[in-house]
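Sequence order for the protein chains is A and B.
The numbering used here numbers the first residue of the first sequence as 1 and each following residue consecutively.
The numbering used here numbers the first residue of the second sequence as 316 and each following residue consecutively.
FYI, nobody ran anything at the bench for these hints, they're computed from the structure.
Quick reminder that beta carbons are idealized off the backbone N, C-alpha and C, glycines included.
Some clues are possibly wrong.
Below, a sample of chain B positions facing chain A; criterion: calculated Cβ distance under 8 Å [stated by the list, open to error]:
#1 P364
#2 F430
#3 F481
#4 V482
#5 F528
#6 I551
#7 I565
#8 V569
#9 L570
Here are some chain B residues pointing at chain A (derived, C-beta under 7 Å) [to be verified]:
#10 P422
#11 R425
#12 A444
#13 L521
#14 R548
#15 N573
Here are the simulated distance ranges between beta carbons [said to hold, decoys possible]:
#16 A:Q54 / B:D492: 52 to 62 Å
#17 B:V404 / A:D173: 45 to 55 Å
#18 B:L322 / A:R217: 44 to 54 Å
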Amino acid sequence: MTRYIIHRLASAVLVVFLVTIISFSVMSLVPGDPASVVAGANATPDEIEAIRVQLGLHLPYHVRLVDWVLGLFQGDLGRSILLQRSVAEAVAERLPVTIALSIYAMTLTLALGVSLGVLAAVRQNSWVDQLCMTVALLGVSLPNVWLAILFVMFFSVYLGWFPTGGYVPFEQDAFRALVALTLPAIALALTQIGLLARMARSSMLEVLRQDYVQTARAKGLPRWSVVGKHALKNVMIPLVTVFGIILSLSLSGTVVIETVFSLPGMGRLIVNAIQRRDYPVIQGGLLLTASALVMVNLAVDLLYAWLDPRVRYAD
Amino acid sequence: MPIRRLLRHRLFVTGLSLFLLVVVAAIAAEWIASHNPTRMNMRLRFTAPGDPRFLLGTDAFGRDILARLAHGAQVSLRIGVMVVVFTGVFGTLFGALSGYFRRLDNPIMRVMDAFMAFPAIMLAIAIAAALGPSELNVVIALAAVYTPRTARIVRASALVVREAEFVQAARVAGAGDTRILLGHVLPNSLAPLIVQLTFIFAYSVLAEAVLSFLGVGPAPPTPTWGNMIADGRNFIREAPWITLMPGIAISITVLGLNLLGDGLRDVLDPRMKVTSS
Numbered sequence: 001m002t003r004y005i006i007h008r009l010a011s012a013v014l015v016v017f018l019v020t021i022i023s024f025s026v027m028s029l030v031p032g033d034p035a036s037v038v039a040g041a042n043a044t045p046d047e048i049e050a051i052r053v054q055l056g057l058h059l060p061y062h063v064r065l066v067d068w069v070l071g072l073f074q075g076d077l078g079r080s081i082l083l084q085r086s087v088a089e090a091v092a093e094r095l096p097v098t099i100a101l102s103i104y105a106m107t108l109t110l111a112l113g114v115s116l117g118v119l120a121a122v123r124q125n126s127w128v129d130q131l132c133m134t135v136a137l138l139g140v141s142l143p144n145v146w147l148a149i150l151f152v153m154f155f156s157v158y159l160g161w162f163p164t165g166g167y168v169p170f171e172q173d174a175f176r177a178l179v180a181l182t183l184p185a186i187a188l189a190l191t192q193i194g195l196l197a198r199m200a201r202s203s204m205l206e207v208l209r210q211d212y213v214q215t216a217r218a219k220g221l222p223r224w225s226v227v228g229k230h231a232l233k234n235v236m237i238p239l240v241t242v243f244g245i246i247l248s249l250s251l252s253g254t255v256v257i258e259t260v261f262s263l264p265g266m267g268r269l270i271v272n273a274i275q276r277r278d279y280p281v282i283q284g285g286l287l288l289t290a291s292a293l294v295m296v297n298l299a300v301d302l303l304y305a306w307l308d309p310r311v312r313y314a315d
Numbered sequence: 316m317p318i319r320r321l322l323r324h325r326l327f328v329t330g331l332s333l334f335l336l337v338v339v340a341a342i343a344a345e346w347i348a349s350h351n352p353t354r355m356n357m358r359l360r361f362t363a364p365g366d367p368r369f370l371l372g373t374d375a376f377g378r379d380i381l382a383r384l385a386h387g388a389q390v391s392l393r394i395g396v397m398v399v400v401f402t403g404v405f406g407t408l409f410g411a412l413s414g415y416f417r418r419l420d421n422p423i424m425r426v427m428d429a430f431m432a433f434p435a436i437m438l439a440i441a442i443a444a445a446l447g448p449s450e451l452n453v454v455i456a457l458a459a460v461y462t463p464r465t466a467r468i469v470r471a472s473a474l475v476v477r478e479a480e481f482v483q484a485a486r487v488a489g490a491g492d493t494r495i496l497l498g499h500v501l502p503n504s505l506a507p508l509i510v511q512l513t514f515i516f517a518y519s520v521l522a523e524a525v526l527s528f529l530g531v532g533p534a535p536p537t538p539t540w541g542n543m544i545a546d547g548r549n550f551i552r553e554a555p556w557i558t559l560m561p562g563i564a565i566s567i568t569v570l571g572l573n574l575l576g577d578g579l580r581d582v583l584d585p586r587m588k589v590t591s592s
């Protein structure tokens, strides 16, 4: 196990290093001049040049990269060009929204995704199975931008059950905060629910074919006990591995969902920064998001290796 | 390929029909809709669907929605095909090299891992925005995001094939690396690759909508399904059909592709079975 941990830890460090370079390079190696965007449409060439020098953009790529990485080691993510604050402050402001939204959506995903999948597998080939799998298929096929807009139209504008958007901090009013996040969380979770339900179903079908499940059945244990106690445990283990993928998909979704519901989260922060070429925010935002996901995946891999010792020797 | 078994797979046939419907709409765009998809006519704006001149209605500028949908189908399919080709070529290249040559495995796969560490849409938006709004740039952004995911799949089959007895036999018989790669590793990773590329086609259609919605897709006035959703959003109360139609078009395409992918997986790659038997 120790060897496996060291091996995985070393790759994670290497990947985070590469992630740092990619985050920096995305906006730097390609055409498009941030200085002229910042200066505005009516700026003279001299003004643009002044801003370029002020932002350090006249320096060569590798000098800026080294500067940025050295700053990172001192905990300095840089300063936003447009927001009048440091990237770290901007992120700290927006992070709670995205975390609240993600936890809500992930809870829905795990609860509904696993139940739909297990239900479908237990009632394989019946109408229940077909219904669950149709819902799952629609979940992965309908565009989430579009669903989010339709949700606002129907549940907020037409029925008036939910606010059309906006964020209420939890410490201000926990109930209203939950209500405000409900539609966004559902819209965000649908894709992942579909994905997880399909995986849970095939995983459950596999387990139900195993000898020990047949034995449990043969000795007369009630059906719910066979499925709930014996099979479910072994279904959950492979599903642990997709946690990272699902979280990553969910974070992709927040970009869209936060835009449609005007939630001031990380996704919105990064999209705004991209649209306005606020590259320190883009670099910092991408780096933090990707590094967090690398850490989650590392934790998932280690947990999985601990749960299922066969994994440790496979690599 | 076991085409007869595929044609007996009910969901595969359903998916194929849905997808062909979209393909036909794209090819026949000029005939289906006699209107120019970008010609505005402010006097006819917000015509509701069902009008004999505008079957699916008009948008806020009086443009024919059917014509825009059909031309949007061309854009979505072009993007999908190009992403699949780029991803297929580079994913296979990196995956096969990485799985077959032990020494290349670590360097290639760590770079792939780094690209995969970013949430797909987030990285795609950043790349597409940096390159500028155009169809080709959307393709490049999506290919950059999906190539590592494909490489990983090809690598997994290459790892298995490399150790297989028939490959050992070929090697003993004097076959070189190139020959083994082209003659054994590639054909054996084809099934999971085809399945994966079908799903990547579906993701690309969904991703186009997101990128266009956020303003980093193909530049307006090009009619794309994502642009149409973004345009319609402001008028959703008085003219919901502007938003509704392109979403339905995307759903049909993606649903079709997902069913195709499931069917292909059931038949070509039965170990990964998802749908019912």
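Verification of the supplied hints:
1. With 8 Å as the threshold, the beta carbon of B:P364 stays out of range of chain A, its nearest partner Cβ sitting at about 16 Å, so the hint is violated.
2. Hint status for B:F430: holds, given a least beta-carbon distance of 7 Å to chain A, under 8 Å.
3. Checking B:F481 against chain A: minimum C-beta separation of about 22 Å lies over 8 Å; hint violated.
4. Evaluation of the B:V482 hint against chain A yields a violated restraint, the C-beta minimum of about 20 Å exceeding 8 Å.
5. Annotation: interface hint on B:F528 holds; nearest CB of chain A at approximately 5 Å, less than 8 Å.
6. Interface hint at B:I551: satisfied, since its Cβ lies 5 Å from the closest Cβ of chain A, which is below the 8 Å cut-off.
7. Because the beta carbon of B:I565 sits about 5 Å from the nearest beta carbon in chain A, less than 8 Å, this interface hint is met.
8. The restraint placing B:V569 at the interface with chain A holds, with a minimum CB-CB distance near 4 Å, inside the 8 Å limit.
9. For B:L570, the interface hint holds, the least distance from its beta-carbon to any beta-carbon of chain A being 4 Å, beneath 8 Å.
10. Annotation: interface hint on B:P422 violated; nearest CB of chain A at approximately 10 Å, more than 7 Å.
11. With 7 Å as the threshold, the beta carbon of B:R425 comes within range of chain A, its nearest partner Cβ sitting at about 5 Å, so the hint holds.
12. Taking 7 Å as the C-beta contact cut-off toward chain A, the hint placing B:A444 at the interface holds, the least distance being around 5 Å.
13. Checking B:L521 against chain A: minimum C-beta separation of about 5 Å stays under 7 Å; hint holds.
14. Using the Cβ-Cβ criterion of 7 Å, the hint placing B:R548 at the interface with chain A is satisfied: the shortest such distance is roughly 6 Å.
15. With a least beta-carbon distance of about 5 Å to chain A, the hint placing B:N573 at the interface is held under the 7 Å criterion.
16. The hinted range of 52 to 62 Å is satisfied by A:Q54 and B:D492, whose Cβ atoms lie roughly 54 Å apart.
17. Evaluation of the 45 to 55 Å hint for B:V404 and A:D173 yields a pass: the beta carbon distance comes to about 54 Å.
18. Between B:L322 and A:R217 the beta carbon distance is about 37 Å. The supplied range of 44 to 54 Å is therefore violated.
Hint compliance for this structure: hints 1, 3, 4, 10, 18 are broken, all remaining hints hold.
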